[in-house]
Amino acid sequence: MARKFIEKIVTANALLQGDVIYFTKQNVWSRNHQDAIIAHTIEQANELLEKAEQQQDIIVGAYLADVFLDEAKTASPLHFREIFRSKGPSNYFHGKQTKT
Amino acid sequence: MYQYNQFDKHFVANRAKQFRSQVMRRLDGSLSEEEFRPLRLMNGLYLQLHAYMLRVAIPYGSLNSKQMHQLAYIAKKYDKDYAHFTTRQNIQYNWPKLKDVPDILDDLAQVDMHAIQTSGNCIRNVTSDHFAGASIDEIADPRPSAELLRQYSTDHPQFQFLPRKFKIAISGSPNDRAVIKSHDIGLLMKKDERGNLGYEIYIGGGLGRSPFVGKLLKDFLPKADLLPYIEAIMVVYNLNGRRDNKYKARIKILVHESGIEKIKQEVEEHFIEQKQNFKQPSDKLISAINERFKLPNFKQANIDNYEIELKQNAQFSSFVKNNISEHKNKDYSIISVSLKNIGETPGDATSDQMQILANLAKQYSHDELRISHEQNIILPHVHKSDLPEVFKELQKANLATNNIGLISDIIACPGMDYCALATARSIPVAKQIAKHFNELNLEEEIGQLKLKISGCINACGHHHVGHIGILGLEKQGKESYQITLGGEENLSMNIGKRAGPGFSSDELLPAIKRLIEAYLNLRQNPEESFLASYKRLGEKPFINALYPKEEKANVA
Amino acid sequence: MLHKQQKAFSNITAKSIIVRNGFFEKAEIDNSKNILEIDGNAKISQIDLSKDMIIIEFEKFADGRGFSLAKLLRQNGFKGIIRAKGNLLVDQYPLAIRCGFDEIEISLAHAQRQPQNQWQEVLTRTNNNYLDRLMLA
Ligand code: HEM
Ligand code: SF4
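Residue numbers (our numbering), protein chains in the order written: chain A, 1 to 100; chain B, 1001 to 1556; chain C, 2001 to 2137.
Any given hint might turn out to be false.
What the hints assert, rightly or not - Derived pair list, reagent style EDC-like, types lysine to aspartate or glutamate, alpha-carbon separation capped at 16 Å:
{"id": "1", "chain 1": "B", "residue 1": "Lys1246", "chain 2": "C", "residue 2": "Glu2121"}
{"id": "2", "chain 1": "B", "residue 1": "Lys1478", "chain 2": "A", "residue 2": "Asp66"}
{"id": "3", "chain 1": "B", "residue 1": "Lys1097", "chain 2": "A", "residue 2": "Asp70"}
{"id": "4", "chain 1": "B", "residue 1": "Lys1478", "chain 2": "A", "residue 2": "Asp19"}
{"id": "5", "chain 1": "B", "residue 1": "Lys1099", "chain 2": "A", "residue 2": "Asp19"}
{"id": "6", "chain 1": "B", "residue 1": "Lys1017", "chain 2": "C", "residue 2": "Asp2063"}
{"id": "7", "chain 1": "B", "residue 1": "Lys1248", "chain 2": "C", "residue 2": "Asp2132"}
{"id": "8", "chain 1": "C", "residue 1": "Lys2043", "chain 2": "B", "residue 2": "Asp1176"}
{"id": "9", "chain 1": "C", "residue 1": "Lys2043", "chain 2": "B", "residue 2": "Glu1269"}
{"id": "10", "chain 1": "C", "residue 1": "Lys2060", "chain 2": "B", "residue 2": "Asp1244"}
{"id": "11", "chain 1": "B", "residue 1": "Lys1165", "chain 2": "C", "residue 2": "Asp2063"}
{"id": "12", "chain 1": "B", "residue 1": "Lys1279", "chain 2": "C", "residue 2": "Asp2063"}
{"id": "13", "chain 1": "B", "residue 1": "Lys1284", "chain 2": "C", "residue 2": "Glu2105"}
{"id": "14", "chain 1": "B", "residue 1": "Lys1080", "chain 2": "A", "residue 2": "Asp66"}
Claimed, not checked - Facing chain A, from chain B, some residues (calculated, C-beta under 8 Å):
{"id": "15", "residue": "Leu1098"}
{"id": "16", "residue": "Pro1102"}
{"id": "17", "residue": "Ile1427"}
{"id": "18", "residue": "Gln1432"}
Hints listed in this document are in silico derivations from the structure and should not be mistaken for laboratory results.
This one's a predicted model, so the numbers in the text were calculated from it and none came from an experiment.
The beta-carbon is built from N, C-alpha and C at its ideal position, and this holds for glycine as well.
Please build the complete structure, drawing on both the sequences and the hints.
Right, here's the structure in full:
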């Protein structure tokens, strides 16, 4: 039996600022995890990544990250690494957590 | 202190300019990220989890007050008012913007500092003893040699694209404080029978996923032969180091796979060739370097006030006991200022703290500061009569933590709070452990103990050589911590042994508690350190303490 | 400036380009020359130093073996031309020259992204380096 596909998003860092960014529906990048467009199949995921990678002039290091969907279909990061990336470090109140 | 001359100034300013042009070319598409990456890394610029990170070199760990002030200023202006001192005598800024980095490099250049070769597959910042030039046990100040190597390796045309990074450390004292055997090349200064200065050379040490203790390459190399000999090693490595697998690319693997004898032979052959071809630096240049590391003009003053304070002020005498080391000059002391304030991030200093330390150095330490590989800051030349005053100032700035060498003087890498390669966090673990033993007032009781934490197998936090090492890993989507025991970091360097399965973040502190309790019960007397007990008794009782259930299972 | 670059390109039709003294030139093989091509695996002791020209191939720009090979060739007295073949970065050009290379052969596509003016600009970096100063001072 094929393993269930884990939903994915595309994330990267902004070339100039270094901030964590997420690829959105409109082919632009957002600082907010909720804005990320979700890939429901492996094909969609690869297609998204390819599209995102065309924007090398404004991003660095795009990759796919696993997410899980709650009942409202909102995506949250699955791996604790991605949770940190979406918030900021745990030793200081710095990074994204200051903005939400 | 090494003062830059016009040449150095020009060079560093130029490099900042070059980086500005590289950034422009990345932005206009001339350079792809793949091409830009090695260039930015050569200038110390990494991409971490939340932002870029800029690693600035503090060559051989020495700096003056003006430089420290500038580091503080950069933290204020471009970052979030703090920075992190690392085990490699660098300082890391965690939040710079790419667009600001050329400006930061300009600001650094103003005080003769830079981020050159703090990353990338080149010869990195040469590290050295943090008590260099001050310690009583020193045979020679290692910094002139380190500076010579800095000049030699900076922008060396052959060695900017080595198979992998290359780290050199040098100690001028038989009491190695630079962990030389964990480096690609470790240099130990010594004298031959006739009293001539030279180096004992170790090669192929390293930590990371396959840790190795450096192997003896040369018993005694006369001082004057240093550069051609290093060049011979570098050529052998550059041509023969593995390039097929990043994890096998360090020289330690070449030495391991070829055998030390073969490497020795190849290096010697190249060395003969190099010696003929290599134009040695002139005596004039060498003495100009030496001149810059002259001892300061030590003052003479009565130290009665110090003796009195020692008797009357228990806090002061405890600080002196833990944080003061013996100086060449009997009326002087070396102060280690702990950046391991209980409950705070190991190795971090705020801009304010940096400024205060700079001012103290200016006023009381002949304008000199040092950064230790244990992530502390050293005031190397403080007259004993000034110690009570300096102590008071440190107390006011929350910098008088008297835990040097104790269980709460923890080395911790940035871990998953910052590092893109991390598999788990290190900082909260360090905080938790320090806090626990501090609250129980047990640090002094436990005595000398080196606890070191890395957030992944790369071992930036030196866990392999901690008496107790903690390695953060990921297990089934959760942070998990493996404990190693019996590591040692001086000339008798030893790689710690894995104690058993990892612990979850909740289980870790209780496990460390059991381990320490066991030690306190097992030691012969309070003078027997954790490491000494471990060596005497072997791992068994300690492993039993860590895994009590298993012990029962075995009995049953 | 841009205009000049484009002009430089319009002369060139070959697939690769030689960077020589900071200028782009057509890559032509001179058949009268006695040429040896090697790569990073070459053993220096086995190289025939009587050649007119030795071409050292760089499989990747980050494979720095060629730098040491060129330097050793020069140390061993090789007097002919040493050419690097591979898409080296502009920033490596001064390093290559300092190691004894005379010229670099890059692909046309690479030359288009890293145009001639950039190669010229970095040429000044061969001056004022630590190593020369250490050895000559
Ligand atoms: C945050 C970004 C960092 C990255 C990406 C990074 C990366 C690495 C990697 C990949 C290795 C393994 C090298 C190998 O085994 O070949 C390593 C080793 C090491 N790093 Fe880091 N590191 C970082 C931060 C630090 C910090 C903050 C320190 C000092 C506290 C440090 C000091 C060291 C040391 C001492 C080693 C082991 C010695 C060696 O074998 O090279 N690194 N680092
Ligand atoms: S040990 Fe791992 S987690 Fe820690 S700084 Fe090094 S690479 Fe990052």
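Status of the hints after comparison with the structure:
Straight-line distance between C-alpha atoms of Lys1246/B and Glu2121/C comes to about 33 Å, which puts the hinted pair past the 16 Å bound. Annotation: proposed proximity of Lys1478/B to Asp66/A holds, straight-line Cα distance about 15 Å (limit 16 Å). Under the criterion of a C-alpha separation no larger than 16 Å, the hint pairing Lys1097/B with Asp70/A is inconsistent with the structure, at around 34 Å. With a CA separation close to 25 Å, the supplied pair Lys1478/B and Asp19/A exceeds the 16 Å bound.
As the CA atoms of Lys1099/B and Asp19/A are separated by approximately 13 Å, the hinted pair is consistent with the 16 Å bound. Restraint check for Lys1017/B and Asp2063/C: the C-alpha separation of about 26 Å exceeds 16 Å, so the hint is violated. Between Lys1248/B and Asp2132/C the alpha-carbon distance is near 33 Å, which puts this suggested pair outside the 16 Å criterion. A distance of roughly 38 Å separates the Cα atoms of Lys2043/C and Asp1176/B; the hinted pair therefore is violated under the 16 Å criterion.
About 14 Å separates the Cα atoms of Lys2043/C and Glu1269/B, which keeps this hinted pair within 16 Å; it holds. With a C-alpha separation of about 12 Å, the suggested pairing of Lys2060/C with Asp1244/B holds against the 16 Å cut-off. Simply put, Lys1165/B and Asp2063/C have alpha-carbon atoms about 13 Å apart, close enough for the 16 Å limit, and the pair holds. Distance restraint check for Lys1279/B and Asp2063/C: the Cα-Cα separation of roughly 27 Å exceeds the 16 Å cut-off, and the hinted pair is therefore not satisfied.
Taking the CA atoms of Lys1284/B and Glu2105/C, the gap is about 41 Å. The hint is violated against a cut of 16 Å. For a cut-off of 16 Å, the pair hint linking Lys1080/B to Asp66/A is broken: about 30 Å separates their Cα positions. Evaluation of the Leu1098/B hint against chain A yields a held restraint, the C-beta minimum of about 5 Å falling below 8 Å. The interface hint given for Pro1102/B is broken, as the beta carbon of that residue sits about 12 Å from the closest beta carbon of chain A, more than 8 Å.
Nearest Cβ of chain A to the Cβ of Ile1427/B: about 5 Å, under the 8 Å cut. The hint holds. A least Cβ separation of about 12 Å between Gln1432/B and chain A goes past the 8 Å threshold, and the interface hint is therefore violated.
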